[in-house]
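Keeping their order, the protein sequence lines are chains A and B.
To convert, note that position 79 of the first sequence is 85 in my numbering; the numbers rise steadily by one, no gaps.
To convert, note that position 220 of the second sequence is 1502 in my numbering; the numbers rise steadily by one, no gaps.
There's no promise every hint is true.
Reference listing, derived: stretches of chain B covered by chain A, where coverage requires no fewer than 3 residues with Cβ under 8 Å from a Cβ of chain A [to be verified]:
1. 1427–1437
2. 1482–1494
3. 1539–1552
Hints were generated in silico from the structure; no laboratory data involved.
Note that the Cβ used here is the ideal one computed from N, Cα and C, for glycine as well.
Given next are the chains, with one letter for each unit.
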Amino acid sequence: MQKAFTKEEYNKYVETKSPKSKILRNIIRAFVVGGLICVIGQLISNLLAARGFSKEFTSSLTSLILIFVGALFTGLNVYDELGRYAGAGSIVPITGFANSIVSPAMEFKSEGYVTGVGAKMFVIAGPVIVYGTSASVIAGILYYLLRF
Amino acid sequence: MATKSNGKQTVKLQNPPSIVSTASIVGPKEGQGPLRLYFDNIIDDEMWGEKSWERAESKLMRETFAKILDKAGKTSGDINYIIAGDLLNQCIAATFGLRESGIPFFGVYGACSTMAESASLGAMLIDGGFADNVVCMTSSHFCSAEKQFRFPLELGSQRTSTAQWTVTGSGGVLLSNQGTGPYITYVTTGKIIDFGIKDANNMGAAMAPAAADTILTHFKDTGIAPQSYDLIVTGDLGYVGKSICEELLKENGYDIKDRYNDCGVMIFDREKQDAHAGGSGCGCSAATLAGFIYQELQKGCLNNVLFVATGALLSTTSSQQGESIPCIAHAITIQRSL
């Protein structure tokens, strides 16, 4: 072509031509849906506490229930629709974590239970687990050192 | 001396092959789009009775091939070569789908430019006297492409506004040295062009310079004016890429706006079908060529079409390593009569 762009110039030009994501709309949706999931979690927690369960048992059981619901709705082909609407609102809560494990497990079932489901299950959640665990170890060491 | 070459990148076919039949089969979403009446078959379910997306895509290929032969009244014994490819690793949709055909096979990979690439090679084989009948075809499948290139289908993630939707569909043409048109008269082969775009969710912008370069080269090589074409149609640049390609050509002195469209723009309804920046995938331009373009040429509503399929030549590995996206566009001129 006659007009030679440099790569930088073309990237800048493309930025002006590409439609932007609707950030405000996405933030509001994420806030509402993410908030609602947390409210549901709190409700479950309060109901369990009212039944006289201990604080520790209540928080573990609440997490378990939410993970189950996230996995169930993924299996029912609903969670991806929710995610398309809510974005981070449904990714960040623990239900989103369940979705990130169940969805590749479903997708790669066609490659078998070992090389498919087993190997690919953590393809999205894996990095979260690796860096989450590493960060907590570092925080633990810092906490230990700062105590003295 | 290559007697049939016509400029730097173009070949003028001296015995232009005729497109004697075409076929297209698409998925349910494409079957609800604006071009639905032009497709031969619309499948109800993307798995199509198979146990994996990959097998479903192979079936698309196999059934489309059968339909091409059926519509032309030919048997597999009449076909000298098949030239086909797709998006899956090692082109397994094409090779698995066509393994029972018993016909000499050339596998090609041009990403979403495969339809124009295979038709270019097929036309040259026939013009060169190496074959009487060649089938050129390709396919793509939304689910198998998402699985290979992006995220699991059920993952609750959002697509960016520049992302395109891979078409589930297969399309192909039967080229022959017998027939009464439409004819493939020119072939302009694209160069690999990389303008440094790294965002795999903005492939239209990555591919637009390749499309503009091939179209521009075609005009220069052949001396054909854009006004001679009723339709100049790019493969799958989508909304973003289409407007960039249009502007790049305008800056170079060719205003094609009134006769320019893009298969990625045509195949889905942007408002109703949530396809973001439009359609993509090999099947997008293939099904549009085999459906809309071919039928409109036959009806006489179109007489002279420049079909430019575009491909982004990236892989998941190159994207993860932060490489930019090399792209390509191949053009063929299709004329209703000579």
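Do the hints match the structure? See the list:
1. 1427–1437: With 6 residues close enough to chain A, the hint holds.
2. 1482–1494: holds (count 4)
3. 1539–1552: With 0 residues closer than 8 Å to chain A, the segment 1539–1552 of chain B misses the three-residue bar; violated.
In summary, the structure is inconsistent with hint 3 from the numbered list given earlier, while agreeing with all the others.
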